[in-house]
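Trainee: Protein chains in written order, with our numbering: chain A, 1 to 114; chain B, 1 to 112.
Quick caveat, the hints were computed from the structure, so don't treat them as lab data.
All of these numbers come straight from a predicted model, not from anything done at the bench.
Treat the hints with care, as some may be off.
From the derived model, a few chain B residues whose C-beta atoms are all more than 12 Å from chain A [said to hold, decoys possible]:
(1) I18
(2) N67
(3) S85
(4) V87
(5) T109
To give a feel for the contact side, a few chain B residues facing chain A, derived at Cβ under 7 Å [said to hold, decoys possible]:
(6) P40
(7) E42
(8) F46
(9) A70
(10) F89
(11) P94
(12) D99
(13) F102
(14) G105
Where is the CB? At the ideal position from N, CA and C, for every residue including glycine.
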Amino acid sequence: DTGVSQDPRHKITKRGQNVTFRCDPISEHNRLYWYRQTLGQGPEFLTYFQNEAQLEKSRLLSDRFSAERPKGSFSTLEIQRTEQGDSAMYLCASSLSGWTYGYTFGSGTRLTVV
Amino acid sequence: DQQVKQNSPSLSVQEGRISILNCDYTNSMFDYFLWYKKYPAEGPTFLISISSIKDKNEDGRFTVFLNKSAKHLSLHIVPSQPGDSAVYFCAASPYNNNDMRFGAGTRLTVKP
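Just chain A, same shape as in the assembly:
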C-alpha cells in the first residue's frame, strides 16, 4: 500500500475551464475526505464520503464543485467554470471509521487558475 495518491500533482488551467482531480485512498479505508488549502491557511473541509455515500458537504463547496466516489474506492473532485479564487492546494485524505489514528493525507493537487 503506497498511501493516498492524488493525480495530477499540479494543474494550470484557464479561467472558465473545467478541471477534475482524482484521489485513490488507502484500500481498506472506508472514509474519504476532500480539503482545500490556501496560502498561509490550514486545510479547510470540503466534503466527505463513507464508502460511496457523500455524507457531508461544506458551504464552501459551491454548485460549481462536485465530488463522487463510485463503488466506494477512488474519488473525483470536479470544478466547473473555474475562477481565480479556486486556485489552491486540494488535499484528499482517507481513514477508517473512528478517529484515533487521524487521517492519512495525499500530497495534494495544486491548482492554478490563470
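Mind docking chain B on chain A? Use the hints.
Mentor: Below, chain B without anything else, positioned relative to chain A:
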C-alpha cells in the same frame, strides 16, 4: 469562522531545547484534538492526538496537553531536532469525526 486558532505563525528553537506549539479553539463540541506535521510538497502527516477525556498524551519526544476549561492545547517536543522543522497544524473534531477543523499552522525551525 475560525474555530481553531494558532496565533504564532512561526517558532524558532535551538536543537536539543524544548519546542512548545500552542493552539486555541472556540467550539465546545470538539471532542478530539490532533496535531499534524507538514513538510513542503507533502500532505499533512498525523503526529499525535488526544481525546477530551484526557489532559495529556505522550508519544516519545512528543506530548500533547489539553486544558478544556481554557480551550487550549499545546504540543511539546523534547528534545527538538533539526528534522522536526516543518509546519505543524492543530486540528479538532467533534465526536463524529467528519468535519475536522484545522488551525492556520505554525512553522517550526529547529536550528543545529
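Trainee: It remains to establish, for every hint, whether it holds in the given structure.
Mentor: Structure-based check of all given hints:
At the 12 Å boundary, the C-beta of I18(B) stays outside the reach of chain A, the nearest C-beta of that chain being 23 Å off. Once the 12 Å rule is applied to beta carbons, N67(B) is consistent with being away from chain A; the minimum gap is 20 Å. The Cβ of S85(B) sits about 18 Å from the closest Cβ of chain A, beyond the 12 Å cut-off, so the non-interface label holds. With a closest Cβ-Cβ approach of about 9 Å to chain A, V87(B) is found to fall inside the 12 Å limit, against its non-interface label.
In this structure T109(B) is separated from chain A by more than 12 Å, as the shortest Cβ-Cβ distance comes to about 16 Å. Because the closest C-beta pair between P40(B) and chain A is about 10 Å apart, greater than 7 Å, the hint is violated. Interface hint at E42(B): satisfied, since its Cβ lies 5 Å from the closest Cβ of chain A, which is below the 7 Å cut-off. Annotation: interface hint on F46(B) holds; nearest CB of chain A at approximately 3 Å, less than 7 Å.
For A70(B), the suggested interface contact is broken, since its CB lies about 21 Å from the closest CB of chain A, more than 7 Å. Because the closest C-beta pair between F89(B) and chain A is about 5 Å apart, less than 7 Å, the hint holds. Restraint check, P94(B) versus chain A: the minimum CB separation of about 10 Å is more than 7 Å; hint violated. Satisfaction of the interface hint for D99(B) is found here, the shortest Cβ-Cβ separation to chain A being roughly 5 Å, below the 7 Å cut-off.
The closest approach between the C-beta of F102(B) and any C-beta of chain A is roughly 3 Å, which is under the 7 Å cut-off, so the hint is satisfied. Given the 7 Å rule on beta carbons, the hint for G105(B) holds: about 5 Å separates it from the nearest Cβ of chain A.
Checked against the numbered hints listed earlier, the structure breaks hints 4, 6, 9 and 11; every other hint is satisfied.
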